[in-house]
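J.: Position chain D relative to chain B; hints supplied.
Protein chains in written order, with my numbering: chain B, 1 to 162; chain D, 1001 to 1556.
No false leads were mixed into what you were given.
DSSO-like mimics (lysine-lysine), calculated; alpha carbons at most 30 angstroms apart, straight line:
#, chain 1, residue 1, chain 2, residue 2
1, B, Lys111, D, Lys1397
2, B, Lys141, D, Lys1334
3, B, Lys63, D, Lys1263
4, B, Lys72, D, Lys1434
5, D, Lys1120, D, Lys1354
6, D, Lys1171, B, Lys158
7, B, Lys80, D, Lys1393
8, B, Lys63, D, Lys1261
Derived from the structure by calculation, the hints contain no laboratory data.
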Amino acid sequence: MNNSRRKFLQYGFLSSSVFLFDGCNLFGITTPYATIKVLQNDLVPQAELLDINTIGYMHLVFKHTRISRENKDFLKNGVKWLNEESIQTYNKTYIKLTQYQRENLLKVVAKTSWGESFLYDIMSYTFEAMLGDPIYGGNNKQAGWKWLEFQGGLPHPKKVYV
Amino acid sequence: MYDICIVGSGAGGAPVAYELSRAGYKVVVLEKGEYYTEEDFNKDELAVCRRDMFTPPLWEQKHIINEYEEGEYKRYDGAEYNWNFWNGSLVGGSSNLMSGYFHRMKPQDFRLLSTYGEIKGANVVDWPIVYDDLEPYYDKVEKVIGVSGRVVDHKFQESRSSKDFPYPELKTNGATKWFDKACEELGFRSIPTPRAILSQNSLDREGCYYSNFCGSYGCASGAKGSARAALLQKCNAQVITDAFVYRLESDGTKVTKLYYKTKHNIPHIVKAKIFVLAAQAIETSRLLLNSKDEYFPNGLANTNKQVGKNLIFSAGGVGSGRFVFEKLSKSQQKELMEVGVFFNRSLQDWYEYKEEKQHFKGGTIDFLFEHQNIIPRVNEEIYNDKGELTWGKELMKRIEKRVTTSRVLTFEVFNDWLPTDKCFVSVDKKEKDKYGVPVGVINLYGHKQDLQVGEFLAKKAVKVLDKMGAVEIDYSISSSPPPNLVAGGCRFGDDPNTSVLDKNCKTHELENLYVTDASFMPTGGSVPYTWTIYANSFRVADIIKEELKNETDISS
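One chain only, chain B, in its complex shape (with noise of 0.2 angstroms):
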């Protein structure tokens, strides 16, 4: 096994199948790792400007025991529900749509109850790995920080509470 394959195992949770039907019949198959990947970056393109690792954030959050099993079944519907909306207009997945659809579809997620929650979540972590502190592994030498000069508290945590 390759390192990336063994990284991407890692992901546990967020590596898992997510079963996509169109209607009634099963379309594909994808994973929360490559919807919220590309999603991220959609709607907080600062991120990857400033190469924070917000996927990786993602997996503490899968496995945070203060986040409720609730709030990480919605994430994963967040990512079924938004690929299936996806496959009923474009009869793609949400990752295989050219950048003007994606807006798109997110227009129109946007105004639903589920997709104004679940884009909300998605936008809320990411800010946590963009703005929380480095020793999570997101804020890269304090890059978020920076960019909103931000000066960040001090004492600095020691270990990340997870």
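T.: For chain D alone, kept in the frame of chain B given last:
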């Protein structure tokens, strides 16, 4: 057998532990949470504020909330609605996490009924003690816990036995001058807010290092006057952590045994001569109500069915205004963005006021910068000013501009949450926590006068923000309860039929059971409670000391 067993290690319990252990008595303090010290505290926003590391997960321990609306209660499951009433399960309790805005109650707060008369629909009473009884203990708190500030004359300045605070005021942001000037022009009296924070090294603790992250966070220098840093770390009271007290047992006249469990559900029994409850207002009532025995079928000390009644919070609300670079000079921009130092300004000009010939008890307005936590400041930009969800480059631009070229000044209004029959604590018949113990039910109702007074005060605060040149000025006064400003449930009083505790905070029905958290308060005053809780607990500590001394004198 201990001399004293105290349930809860926060501002209500720790003064008793400190005083009695220093007087040579054998004291044990039971705390549900863990023991963190200055070494452990840091400014990890994700852990402390996003993942609530100092409070229990709601799916393990929750409350049921019944909110009174249009003639009936609507039931909310705290876990389902993420409605959290925990304030800090750790040694020292929520005093570790407070901002430490310290105001004394004023003489009229002890005499609400006699001063302002009856209010329809509210159970307003006078306290069985007066301001002068508590004044020496307010003074003691200034010196032992450590309060910094500067006394200024104003029309509602309460009498003081010490001329000034023992510690000079903390450093303030340059924008504070704008506030003082605006107040002067408006004819308002700007008051430096006293803080339970040491402005210099003292009391074997380090002074404030202006970390910029105070409220909600534990203090890494010990400057904040938490019950742990100021008291428990300085006495030899035994502190047992991971101890959830779920029941007391009596012989009809005395508490004989206390039962607690660890997180692994291992039960323990504690015996003591005197028991003191200080688990914070809601949990203290819950413990008494859950402690039923053959002598007290309604719950301990509850023959008159007063336990849990007259629960109060601090009424009022919050507001804010934004200062934007476009309206400021370069030097003002620099002053505004200076971080670490405090704003620390209050107004008490309307602690009482007249409106339409009616005399009202008013309150306090504290001004402070928006909390420095960066994630909520960014998240609040996700919605644009039309209330639409936004993302992508548009959102990135807005965040950058708002965070780097503007700053929000907020205010908090504190006025009386009038005690009523509809606001009380009970226990649920079905829902249990992870220990298998019935959860507390918070029955909520806010009296309409609370809102009227809150509105009056908020409009005064808005005038100041407007005068200062703020934009986007807004406020919200509501009956939604601030979970960290809770009191009542075991009110003290001279009449055993209408109160749970006597004026010494001992239960009328059990001769060795005291309550020293904010539960004792029949009305709350128009200030944050912590200073009064500390002061009263020091007062009760003296009473218990005297009682134990008399007992020793008699037996010898």
